Amino acid sequence: MARAAGVSQATVSLVLGDKWRGRVSETTAGRVRDAARGLGYRPNLAARNLRLGRTRTALLVVPALTNEFFARVYTGAAAVAAEHGFGVVLYPSPDGTGPARDPFPSARTALDGVIASSMAADALDALHGADVPLVMLDSDPSAPGPAARVNLDIADGMRQVARHLLALGHRRFLHLAAAVDTWTFTARGDALHEALREVPGTEVRTVSAALDVRAGREGAERALRGPGPRPTAVVCDDDILAAGACKAARRLGLRVPDDLSVTGFDDLALATAVEPELTTVQLPAEQVGERGMAALLAVLDGRSAQPGSLPVRLVTRGSSAPPPGPPHA
Numbered sequence: 003m004a005r006a007a008g009v010s011q012a013t014v015s016l017v018l019g020d021k022w023r024g025r026v027s028e029t030t031a032g033r034v035r036d037a038a039r040g041l042g043y044r045p046n047l048a049a050r051n052l053r054l055g056r057t058r059t060a061l062l063v064v065p066a067l068t069n070e071f072f073a074r075v076y077t078g079a080a081a082v083a084a085e086h087g088f089g090v091v092l093y094p095s096p097d098g099t100g101p102a103r104d105p106f107p108s109a110r111t112a113l114d115g116v117i118a119s120s121m122a123a124d125a126l127d128a129l130h131g132a133d134v135p136l137v138m139l140d141s142d143p144s145a146p147g148p149a150a151r152v153n154l155d156i157a158d159g160m161r162q163v164a165r166h167l168l169a170l171g172h173r174r175f176l177h178l179a180a181a182v183d184t185w186t187f188t189a190r191g192d193a194l195h196e197a198l199r200e201v202p203g204t205e206v207r208t209v210s211a212a213l214d215v216r217a218g219r220e221g222a223e224r225a226l227r228g229p230g231p232r233p234t235a236v237v238c239d240d241d242i243l244a245a246g247a248c249k250a251a252r253r254l255g256l257r258v259p260d261d262l263s264v265t266g267f268d269d270l271a272l273a274t275a276v277e278p279e280l281t282t283v284q285l286p287a288e289q290v291g292e293r294g295m296a297a298l299l300a301v302l303d304g305r306s307a308q309p310g311s312l313p314v315r316l317v318t319r320g321s322s323a324p325p326p327g328p329p330h331a
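Under the working numbering, think of the first position of the sequence shown as 3, with each following residue one higher.
These aren't lab readings, by the way, just hints derived from the structure by calculation.
A quick note: this is a predicted structure, and the numbers were derived from the prediction, not measured.
Accuracy of the hints is not assured; some may be wrong.
Claimed, not checked - Now the in silico label distances, taken between C-beta atoms and shown as ranges:
| # | residue 1 | residue 2 | range |
| --- | --- | --- | --- |
| 1 | R35 | P146 | 55 to 61 Å |
| 2 | S15 | D183 | 44 to 50 Å |
| 3 | D183 | R25 | 42 to 48 Å |
| 4 | L254 | S144 | 38 to 44 Å |
| 5 | T59 | A169 | 46 to 52 Å |
| 6 | L92 | A169 | 27 to 33 Å |
| 7 | G230 | Q289 | 39 to 45 Å |
| 8 | D183 | H86 | 33 to 39 Å |
Glycine residues also receive a C-beta, built at the ideal position from the N, C-alpha and C atoms.
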């Protein structure tokens, strides 16, 4: 194989052992891999794992398999893992809702590392003491513990929503908050209230709801029926809640967006399945998975993970418009 690739046996060993980064060029590594394929080489994974002291397996812990966002995170993580000869095992929260719990203890001995999203505090404590490299996704940047962290600029996403609605003239808001105790939803609410406080004359009412369409509809309907001037915009922590808010508006005889603007967050497929389509914040879920797996590989190789948060962007669609009546100055 070394002769076919025009390199030394040591170089072949580095490339096939996945230890070439920083020691062999990408071009040379590609030649070795091409030669290996041409010669029909198939590595003995069991022997290699035993020699390297690795299982080449990562565990991805998520709150729910039914949430499209986490399915896309898995797709990104699995793609990067496959490029490096790793596998990804998916572990959802047993009750199907967030935050995710600690995986069964016996699994940890068969893992090279854990990539976890939106985990409960007690589950994190258990993993921190397990001597398993941990990469956290979409988590509190001030919390201690993980070897690396991959975050989205969640706060900026909610600020973009607030600026958009304020520019349209809205001043009375309903915040339909997800009743899920995780950092990402806390960050969304904090950013929204902070952005709205900067503009005099704004009013915000917050109602919490479980993360499903029915709960979102019921929560929004109760709030919109409440006393006092009705909000002209409903800012939702998630597209699922926003779909519920749209249903509430229809039940109350309100038109979206003529009488009531509704915004979501995440840009799930649901955002374009409802009518009118949702103004929402697009999150690069696959990139989160890609960056998370790359961070774990970096930690395992003794390198620093890529710093910085992934940017998010507001996608303006048909569910937001100026409030009814004269616009505010």
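Against the structure, the hints:
| no. | hint | result |
| --- | --- | --- |
| 1 | R35 - P146: 55 to 61 Å | violated, 39 Å |
| 2 | S15 - D183: 44 to 50 Å | holds, 49 Å |
| 3 | D183 - R25: 42 to 48 Å | holds, 45 Å |
| 4 | L254 - S144: 38 to 44 Å | holds, 41 Å |
| 5 | T59 - A169: 46 to 52 Å | holds, 49 Å |
| 6 | L92 - A169: 27 to 33 Å | violated, 41 Å |
| 7 | G230 - Q289: 39 to 45 Å | holds, 42 Å |
| 8 | D183 - H86: 33 to 39 Å | holds, 34 Å |
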